[in-house]
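For what it's worth, my numbering labels the leading residue of the sequence shown as 105, then goes sequentially.
Hints in this document: simulated from the structure, not taken from any laboratory.
Careful, some of the hints might be misleading.
[To be verified] Label-pair ranges, simulated between beta-carbon atoms: (1) Ser238 <-> Val161: 16 to 26 angstroms; (2) Glu351 <-> Asp262: 29 to 39 angstroms; (3) Pro401 <-> Gln423: 32 to 42 angstroms; (4) Gly385 <-> Asp262: 31 to 41 angstroms; (5) Arg452 <-> Val259: 24 to 34 angstroms; (6) Glu320 <-> Asp348: 33 to 43 angstroms; (7) Gly430 <-> Glu261: 43 to 53 angstroms.
Heads up, the beta-carbon is just placed ideally off N, CA and C, and yes, glycines get one too.
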Amino acid sequence: MGDVGDAGLGGGGDTNMGDVGDTGAGGQTDDEADVVAADAAVRRSSSSIRFRKCNSVRAKPAEGDKVLIRPLGETSWDDVTWEGNKGARTNINGVLGALYRYHYPGMVEVGGVPQAATRWAHWALKRKLLEDGSEGRTLQSVVWEDFWSRYKTDVDEDDREAMRALKKHFSRAAEKVINDSLYNARITAVCHHFKAVKGQSMNKKKGANKIYLSEEEYLQTEIDWLVKDIEAWRWLAKLWSSPDWIEVSKGKRSNRGSDPGHKYGANGHFGLQRRMEAESGTSQSFMSVYLRGHRGPDQNNADVLCSQAAKEKLEAYGQQMVKRHGEDVDWMQEPLDVKALYHSGQGRRHGRYAFGTGVVDYNRSQPCVGSSSSSTATSRWARVDEAQEEAREAREEARQAREEAR
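Working from the sequences, and respecting the hints, build out all of it.
Spelled out as structure tokens, the structure:
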């Protein structure tokens, strides 16, 4: 993809200390599968355990071999070439994650204060060093260009609004993947510490996410993409061991609960939908895919879901659909009604739907089976949230433009 400029790739802002390495989803969302899992092989190196393969990326394909992708939802992508019945689905956000880890900025200055890069906007604060020692484009632009050297889009580059929407989607995806990776990096450090220092096996199922190390213990481990700038790793170790951060992290984990979030696996919601359609030969509704992605251990009993939370969310959505469209509505087979979803979760708490966050495009009109008096209020709040988001993005774009002009 051509030169798009740095200012168009905003997203994020100053670091929210409660979010660094502790996502609101706890690594369990209805979006892409865990983007770090593919890199989870470890090796022993002197006195530390290291994360592998984070300092390399796969070779770029030939121009004619690029995969056509399109944005889906808020943070997902559609591999247009994948038919659902042939092999594994390309983890597109996994590729994005590999690229931003490879181009990790390390320490940056935010408002004149040095800190580790933890938000997508921070990739715009560092420039790539060229072979002659000079500085090139920002790392944010480098990631964008590197990504589109592997994929292609049918968006018209001369269509400014379409390109703006594409860059906005890219920024949301990058922000999510970065947040998830930092969450997993801390847990991986805990697991590596137990293996290297205590000689014990540890993982998330055993409670690794509930364990908080001291600053010194974090520094006994090495996560390759973070220790490329050792000062950034030290900054994160100090942050993750601070009492204030730990208190916030525990509060978020308590709010999330301990039930498994879903069982989509590496397919994600959209990948599972395409597999189901390939198997059945018929189109699948959003809620049919939800049911499959949250089914319990009894594969023959679709009414038993994997968690009480999943069951309660399903029931709340059904109640809103009946309230909005009447007793006769077959809400499991109807297109997803975003307004019913919005009200079933009492709004977008902390920016999240009751389910489908990242899958449902919040800023785009969704197909509904009807309307009600509640739609006016919902639309008004949606417009307010969208206006606030656009204002934040405008401020970020202006800041990046000033940075680029230096």
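Hint by hint, here is what the structure shows:
In this structure, Ser238 and Val161 meet the distance hint of 16 to 26 angstroms, their C-beta atoms being roughly 23 angstroms apart. At about 50 angstroms, the CB distance of Glu351 to Asp262 disagrees with the hint of 29 to 39 angstroms. Take Pro401 and Gln423: their Cβ atoms lie about 26 angstroms apart, and the range 32 to 42 angstroms is violated. Distance hint for Gly385 and Asp262: a CB-CB separation of about 39 angstroms, consistent with the stated range 31 to 41 angstroms.
Under the hint 24 to 34 angstroms, the C-beta atoms of Arg452 and Val259, about 27 angstroms apart, fit the expected range. The hinted range of 33 to 43 angstroms is not satisfied by Glu320 and Asp348, whose Cβ atoms lie roughly 19 angstroms apart. For Gly430 paired with Glu261, a C-beta distance near 46 angstroms keeps the hint of 43 to 53 angstroms intact.
When held up to the earlier numbered hints, the structure conflicts with 2, 3, 6 and fits the remainder.
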